[in-house]
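Here is what each chain is made of, one letter per residue.
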Amino acid sequence: MHYKFMKKIYESGIGICQIPKKLMLVMKLTAILLVLFTMQVTATVYSQNTKLSLNMQKVSIKEVLQQIEAQSEYRFIYENEKVNLDTKVSILVKDEVVENILKKLFEKEGIDYSITKSNMILINPSDLQRRSFSAETNSVQQQKSVTGKVTDSSGSSLPGVSVVVKGTTTGSITDANGNFSLSNLAPDVTLLFSFVGMKSQQVIVGNKSSIQVVLEEEAFGLDEVVAIGYGTMKKSDLTGSVGSVKSDVLKKQAVASFEQGLQGKVAGVQVTTTSGSPGSVVDVRIRGGNSLTSSNQPLYVIDGYPVTAGGSAGGSGAGQNPMATLNPGDIESMEILKDASATAIYGSRGANGVILITTKRGKTGKTTVSYDGYSGVQQVAKKLDMMNATEWGTMANIAAANDSRPAYYPSATPNPLYPAISELGEGTDYQKEIFRSSAPIQNHNITITGGSENTKFSILGGYFGQKSVVKNQDFNRISFRNNIDTKISSRINLSTSFTASRVATNIGRDNGDGGSSIINGALVMPPTVPVYDSAGEYILTSFLSGSSTVSNPVPSVNHLLDKGTTDRVLGSADLSINIMEGLTLKVSAGADLSSALREVYEPKQTNAGASANGIAQQQNSRNQSISNENVLTYLKKTGIHSINAIIGTSALSIQDKWSGMTARNFISEVYEYNNLDAGASWDNPSSGRNKNTLLSGFGRINYVMMDRYLITVTGRADGSSKFGTNNKWAFFPSVAAAWRMDQESFMKQVEWVSNLKLRGSYGITGNQNIPSYSSLEKMNTYVYPIGGITNVGIAAGNMPNPDLKWETTAITDVGVDLGFLGNRFNFTADYYYKKTTDMLWNISVPSTTGFSSVLKNLGSLENKGLELSLSADILTGDFKWSTMLNWSANRNKVLSIPGYIPSQQGSISGRLKVNGSWLEPGLPVGVWNLLKTTGVMHTQEERDAAARVASATFDQVGDMSFFDKNKDGKISFGEDRTIVGDPNPDFIFGWTNNFSYKNFDLTMYFNGTYGNDIYNVVRGETNIVSVWGNQNRAVLDYWTPSNVNANYVRPHVLVNQNMLQSDYLIEDGSYIRLQNLTLGYKIQKSSFFQSLRIYVTGQNLFTLTNYSGYNPEVNSQGQSNLQLGVDYSAYPASRSFILGVNIGF
Amino acid sequence: MRLYKYLIIAAVLTVTSTSCKDFLKEDVYEFITPDNFYKTEADAKAGLTAVYQTLQDPNGFKRYIWMGADFPGEAAYANASSPSRDEMDNYAWTATTDFSRLIWDISYRGIRRANNLLLNIDKVTFKSEDTKNQIIAEAKFLRALNYFVLIRFYDHVAIVTETDDMNATDLSNEGTDDAVWALIEADLKYAESVLKTSYGAVDMGRPTKGAAMAMLSKVYLTEAAWPWNKDGYWLKAATKADEIITNESSFGYGLETDFRKIFDVTNEHGKEYIFDVEFVTNINGNDFPTLTGMRGYNVKKTDGWSSIISTPEFYKSYTPGDKRIETTFLTGFTDLKTGKVYVYNPDDGTEPSFPLCHFAKYQDPNDNLSTGTGDYGCNMKVIRYADVLLVQSEAYCELNQVGKAITGINRVRVRAGLEPIAATISQTDLRKAIVQERIWEFAAEGQALFDLKRQHVLSERAKKEINDKYYSLPVPQDEIDKNPNLVQHPLWK
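Residue numbers (the working numbering), protein chains in the order written: chain D, 694 to 1838; chain P, 209 to 701.
If you are wondering where the hints come from, they were derived from the structure by calculation, not from laboratory data.
Be a bit skeptical, because a hint or two may be false.
[Claimed, not checked] Keeping only pairs whose Cα atoms sit at most 30 Å apart, straight-line, the calculated DSS-like set for lysine-lysine is: (1) D/K1663 <-> P/K677; (2) D/K1421 <-> P/K247; (3) D/K1663 <-> P/K701; (4) D/K1471 <-> P/K331; (5) P/K612 <-> P/K701; (6) P/K524 <-> P/K469; (7) P/K677 <-> D/K1384; (8) P/K247 <-> P/K469; (9) D/K1350 <-> D/K1329; (10) D/K1350 <-> P/K479; (11) P/K524 <-> P/K404; (12) D/K1297 <-> P/K548; (13) P/K438 <-> P/K701; (14) D/K928 <-> D/K944; (15) D/K1059 <-> D/K944; (16) D/K1471 <-> P/K233; (17) P/K672 <-> P/K701; (18) D/K1471 <-> P/K479; (19) D/K1658 <-> P/K701; (20) D/K1660 <-> P/K640; (21) D/K1384 <-> P/K247; (22) D/K1557 <-> D/K1528; (23) D/K944 <-> D/K859; (24) P/K672 <-> D/K1421; (25) D/K1663 <-> P/K524.
Given the structure is predicted, the values throughout are model-derived calculations rather than measurements.
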């Protein structure tokens, strides 16, 4: 059944990106129709008293209606087959209201009509006409009438639902209150209820005279509208690869930051929460990393506003995630743009993919208030099984004997710090000392939405509070959002989005290069070291000779003050002007302002504070971006041709300022971080400021012929201040085509295929995520004392490169979308090939220039991969089961870096002398080139057969042997290392299952990775069988003359450096995790509320993995490009149990 | 319809890119670009300060130049602190040892800054020509010092001056020796002609006329000796040293009576001072004392990492009663926590009360009242007056004028409480005595390798055969990889 709309106002591309799907579903008829066919939110303030004048002779009724539409804001809707509007009429009216005109027009035609508040005029055949129609289709049977009401799952009435007798064209549509009535029905008919965006439903009438129907939202409708850059598009019209995540999916997870909610939801998107610390940095990679030096993170666009990373104040310790300032509860939907067809419109920022975020917007109708909240507890998901004092002391004594040193714990005990083994007992469990036994988490969101015809609003308030599983750390966010859409006149519409938030955290020192890290301290501190000495004062560091100079973590969790506060305001306003039919101008302006403050006081109880007599620190960071965008959208559909075109300009300016100051040596501790002047000495202050600008012009044409041949051509020119003077402007084109095969006549017979689309795209995108001023010769300051006082010197700090430019990534994507059995089963597959050229690299230059390197565009790398997603409604009866599975595999390879000599990149731990990954053309980014262990030398024979290592201490029976690659009989790191690990997974996957039965719903969500390795650096401290620090109990199976078949080497006082530089630290990081299990129960509507659902959730309930560390989902190096899958004293994951409610009032 | 109105709005709002160029120009705030620099006298002075700054880089005189010259000698040892230091200690270094790269890099960085200043100084308007010449002279002194470091370590180095393409990536180091020496000499001669004999307190630390002359005498001495063996240069060195020594009172030079006073932070610019790399606590402190300091005891002032230590053998090589022992070595201390007194005595046959022989030249009790920061104020001595005296002795000794040669060394010996050398000594014995005296006098002062190199006595002193290549550092391997025109040192090929 097709409705016809006489007036065709096409998609403006503007209003739509603010009309998320779910919202759309519950809109009144007006809005639904607008979105579906007119895509224009400029419905007018229009009085029913508007007077019209017509003078038409011998024209069809249809033409008269067209004339009325041309003069007014009225639109007519009718069923083509049911009413005959071809009757020729003549009409002459002057200043008549529409009611009267229609009365005249239809009085003889047997046509009923009704006018809605939103100026829709629904035309129905009158009973008389209907009877004559149905008489044609129905044989004479016993006939009956039926009435009913259609609502959505929240209980709101659904107007405009088509109700058709199955197998006929007889039917009706529901009125403004969702009511319908049909008469003259055969008793055995089945009614088919359908509504765009909802799952169709069939009801057998039987002897019922009244039918209540609840339509459910359809998740995978082809008519679903998705946000694309600078506009929206029907999913069926897409030529690119775009993934979607809706609020209901996001809502099911208790996450601090929205990116975490993306994990495992969209094929090709790898989300790694780099640390279990609340509010920690999340690494998001869409189809692999494209760059070695620039950011590999996608561009985030919130309600059309491009959001840069924003502020996180400096200072040592954990990085904070600036995206966590946004309340995930504000989000209606997220679209992930993956291929060039989708991302080229973002030009020099598109290469890493784009995530478009649409927040919740108001709708016309009754004001609704809803509350979503949960509260729960978290625990450390896994503790490492470390040795107790007796076990450690025993090992230490053996180690001392092996290395010819006096025993640590002699049987006679002259020193209370070194008692006899028999007196050591359990000792201190430092993990227990720093972990909370249960840490609360809570979230409260209140959403108020509503609106009149002219103004719609949504107001959201949220609070999220999460205490960390490590003491003295937490994350709190309070946020407010206000989105308003208002009609200024019949052609002008204003949409504003505004959010303000504050994030307040207690940060703590949870990672870093050993020493002061709390986690490192808890693992490495020998259990024989008590927390307090005999005088009741903290023991600050391990006093055992030969052990790490690790700090006692307990004073840090008890006394360290480290507060982070980030305030952020993000606001934008879009003014849409409908210039003429199909042509709309949108002018947008916005600003993103954030301000972060970090206040630290390290009191005298802590190790760092003790030596400096108190350290106070304040770090400030202010970040602002302001933007203007102007987009012209043209929509036109004539006959078989349909065009959706945009052209626009954009200007963006980003500025950061920061400062930091540190004072030491405090007489009194009462000041904490509030009075730095009170410190007796100060570090040099630091401050800085930078700015970058981006100016762009862009355009896109999406052309669709016969609803089946689709072409998209996109281009964007970007000028960036970051580029060198010789390369200020870049152009990024893309072209894409798609073929909706299912629309072809030869496919119409294949009934079980409901959707079949082939897609292909090619385009060029860029990455301009280089630091500002990289092309310039920067004069830095250098201090030298003359006459005993500071003289500030100035000299060039780098070599300029006026040719510096963006990195270029060419993306080819071919994909297929398949739907079976009325889209009950959907399958999407994409293959892509991305090649990055002009890759930025700090290439070495001869030092005779006075510099060591210069940033240049050279080198190339590739990513290629396959993405598969499957969704299915497996069971659709009372017991419903739907499942969504996505799987993706990416292969990354560095192709070339001219002039570069392969080497280890960076350092993971200076004190352990553990370096970073190995970068070499021909290999993936992040691989490790290290020695290969060949096992413990159990016997003298095995020892003699092994290659010799440099140190005799570690070359005895019971020590580790290594693979002698060059077969020279000696182990040398430079010559015998091989590629021993790769942090890039073979594939990643996510699997979501939704079950429901009556009022119960159950969601299970799994995610995982396969084939990735983890560089478990902490193993180099805790599994090395050394007195260096406390050891994992696994190594109790160490070699002794009485345990020659041991899996672990014999104990030593020192650390075997060869083992630290070997695959001993590499572990398989594959895992599958039950990330979320939620059981919900819906309670029937009462006088207090419209809807109520209560649920319990368990997060991170179990993980299947061989990984021995805390958490296989890890990267201690955050979003680093070159260091992936590193676990160096990373924060443990938590397991949480949550009770929540969703209430609609 | 009011279409025209919308079109006007559209036109106005969409055409925002009229001034693209300005919009995309990078506004800089936190740094200066060459465009807005080298205009005022202050700019020129700041440019000069930046040339000084490379001296105190850890890779420069703060650590690596020092350690690179000391470890191959017999006084200083690396105490298990890093493989590369062990390599320097054990004549096992290679073209990939970090010393080779770091000293090369930092020296050329200083040269680049000096060249840059000299190239641009004419853009600056000066009130007085004297100021300009002073700045040029200081820059040239520093450039000469950097080249002197390079040529002494590497023998054959690339040369780049302000008149060359400073960004050139294809410089050669073949056949450049004469040009490098000529540049060093020219720079120092210019400095000598311009620089003042002394400065007021505000300019303390800048090179003086005497400093330029002292450096020049050391340069001549080096050119005269192995491996350059240039004719006539022993005499040039002797003459230059004479010029200073005969006028020592007008330069204000002399030997401190108390050896300790040389390293006293309150007397760093005393009469024995000629040129130092300056360090001031709280500005850019020195952590060399941390490297030589004692690990594992609570000594506060002398706390450190025991990274650069000495040996009982070297300690015992001093003549008993040599007044330098107390200053050169840590002979004892009190543990501040336990109150226990420790002494170092390698001679009494019992266990020394603390295990390793530590240097104490940089451990000044008055230095750095706050502890644990590595922020010490003690300077690193580039050349001091005793050095000039010994340059004179070495030069005259090589000229076989023993009578003149013993005057300098004897002043140094007498100050140390040792017997003066008799005029009857043979040239050969005097030669050995001068080497020995330098080793004692300048222990841990970054001189050892060059002293041994001039006299070509590395194997002799070490009492084992050491390949001649260990008189130099090889050209860093990655430098050769980056620039094929750089050739490796012939002995290192």
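Do the hints match the structure? See the list:
Our distance criterion of 30 Å between C-alpha atoms is met by D/K1663 and P/K677, whose separation comes to about 26 Å. Pair hint D/K1421 plus P/K247 holds up; C-alpha atoms about 28 Å apart against a cutoff of 30 Å. The suggested pairing of D/K1663 with P/K701 holds, with an alpha-carbon distance near 24 Å, which does not exceed 30 Å. For the suggested pair D/K1471 and P/K331, the alpha carbons sit about 19 Å apart, so the restraint of at most 30 Å is met.
With a C-alpha separation of about 42 Å, the suggested pairing of P/K612 with P/K701 is violated against the 30 Å cut-off. Of the supplied pair hints, the one linking P/K524 and P/K469 holds, its CA atoms being roughly 23 Å apart against a limit of 30 Å. With a C-alpha separation of about 52 Å, the suggested pairing of P/K677 with D/K1384 is violated against the 30 Å cut-off. This hinted pair does not check out: P/K247 and P/K469 have alpha carbons roughly 42 Å apart, beyond 30 Å.
Proximity of D/K1350 to D/K1329 is assessed by CA-CA distance (about 46 Å); at most 30 Å being required, the pair is judged violated. For the proposed pair D/K1350 and P/K479, the alpha carbon gap of about 48 Å is over 30 Å, so the pair is violated. Simply put, P/K524 and P/K404 have alpha-carbon atoms about 42 Å apart, too far for the 30 Å limit, and the pair is violated. A C-alpha spacing of about 26 Å is found between D/K1297 and P/K548, which places the hinted pair at or below 30 Å, so the restraint holds.
The hinted pair formed by P/K438 and P/K701 meets the criterion: a straight-line CA distance of about 24 Å does not exceed 30 Å. With a C-alpha separation of about 23 Å, the suggested pairing of D/K928 with D/K944 holds against the 30 Å cut-off. Among the hinted pairs, D/K1059 with D/K944 is consistent with the structure: their alpha-carbon atoms are about 24 Å apart, no more than 30 Å. For the hint pairing D/K1471 with P/K233, the CA-to-CA distance comes to about 15 Å; that is within 30 Å, so the pair holds.
For the proposed pair P/K672 and P/K701, the alpha carbon gap of about 22 Å is at most 30 Å, so the pair holds. The hinted pair formed by D/K1471 and P/K479 fails the criterion: a straight-line CA distance of about 40 Å is larger than 30 Å. Of the supplied pair hints, the one linking D/K1658 and P/K701 holds, its CA atoms being roughly 26 Å apart against a limit of 30 Å. Distance restraint check for D/K1660 and P/K640: the Cα-Cα separation of roughly 47 Å exceeds the 30 Å cut-off, and the hinted pair is therefore not satisfied.
Straight-line distance between C-alpha atoms of D/K1384 and P/K247 comes to about 25 Å, which keeps the hinted pair within the 30 Å bound. For the hint linking D/K1557 to D/K1528, the alpha-carbon distance of about 8 Å falls within 30 Å, and the restraint holds. Restraint check for D/K944 and D/K859: the C-alpha separation of about 37 Å exceeds 30 Å, so the hint is violated. Restraint check: the Cα-Cα separation between P/K672 and D/K1421 comes to about 63 Å, which exceeds 30 Å; the hinted pair is violated.
Taking the CA atoms of D/K1663 and P/K524, the gap is near 38 Å; set against the 30 Å cutoff, the hint is violated.
In this structure, the hints that do not hold are numbers 5, 7, 8, 9, 10, 11, 18, 20, 23, 24, 25, in rising order.
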